[in-house]
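Participant: Sequence:
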Amino acid sequence: MDSIYWLLVVFVGFGPVAMMIQEGLWSNTITLFSMVLGGITAFALYEPITVMMDENLDGEFTYVLDIVVIWFIYFIVVAVLRTLGGALSKTKLLFNKPIDEVASPIVALATGFLMLGFTLSTLHVAPLSRDFVRCIAYGVPDKVYDDEDAKYEVPSRAAVEQGIDEASWIAHPDLTWLGLVETLLGGSRFGPGEDGFVARDFVINRGNRRDQFAESGASWLRVRRSGR
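Following the UniProt record's numbering, the numbering of the sequence shown begins with 1 at its first residue and continues without gaps.
Derived by calculation from the structure, the hints in this document are not laboratory data. Glycine included, each C-beta is placed from N, C-alpha and C at the ideal position. Misleading hints may appear alongside valid ones.
With a straight-line cut-off of 25 Å between C-alpha atoms, the simulated SDA-like cross-links for lysine to any residue are [what the hints assert, rightly or not]:
| no. | residue 1 | residue 2 |
| --- | --- | --- |
| 1 | 97 | 33 |
| 2 | 143 | 166 |
| 3 | 143 | 163 |
| 4 | 97 | 119 |
What follows is a list of derived Cβ distance ranges for each label pair [claimed, not checked]:
| no. | residue 1 | residue 2 | range |
| --- | --- | --- | --- |
| 5 | 170 | 149 | 29 to 35 Å |
| 6 | 10 | 157 | 17 to 23 Å |
| 7 | 146 | 82 | 54 to 60 Å |
| 8 | 106 | 57 | 32 to 38 Å |
| 9 | 82 | 201 | 29 to 35 Å |
| 10 | 171 | 144 | 14 to 20 Å |
| 11 | 147 | 68 | 33 to 39 Å |
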């Protein structure tokens, strides 16, 4: 659904920019740092937490746990960082006016773009069918959206990989965000594989899970997860 993408662009992408544009470079830098660290922490910790919760809840809320936990972690970390930043930075750094006027909007735009990327990335773990949001439906042919009579078919791994390879990381902010996560977490113990977090595997595996959710025809309740 292209309308969902553009709504997110307006409210999630440009929303932070509109709120930050009048702020100074120092304040915007703290906001950007808090947003990035909060998002990276959320992606690093959400999976082991959701697995533990899923086991304790006996499979209830299986498909909705991921997105709830990832946003909960994000908000907690950002709130803590903003509080600490305000307490530790009672005296703001002052920059030369030309530097502040140029750099501050750039930082605001970067924050909005990464926030949009983070939000779109969380939709990969949401209880939605793979083709629900067109901009992150890698491997799904355009005819599914352009032809009302076309039926959705589960794309092959090769088709998904091709869709990722052909996608622009500027036009697809989720890939930009996931690439950043891979850069910072790849090779660490965070992630389902031995290599830590791998953006390509994340997109493919979560797409498969959303296909499972759609095929189950069930609600978020009592549908046990598999193939994480």
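Participant: Starting from the hint list further up, note which numbers the structure goes against and sort them upward.
Facilitator: 4, 6, 7, 8
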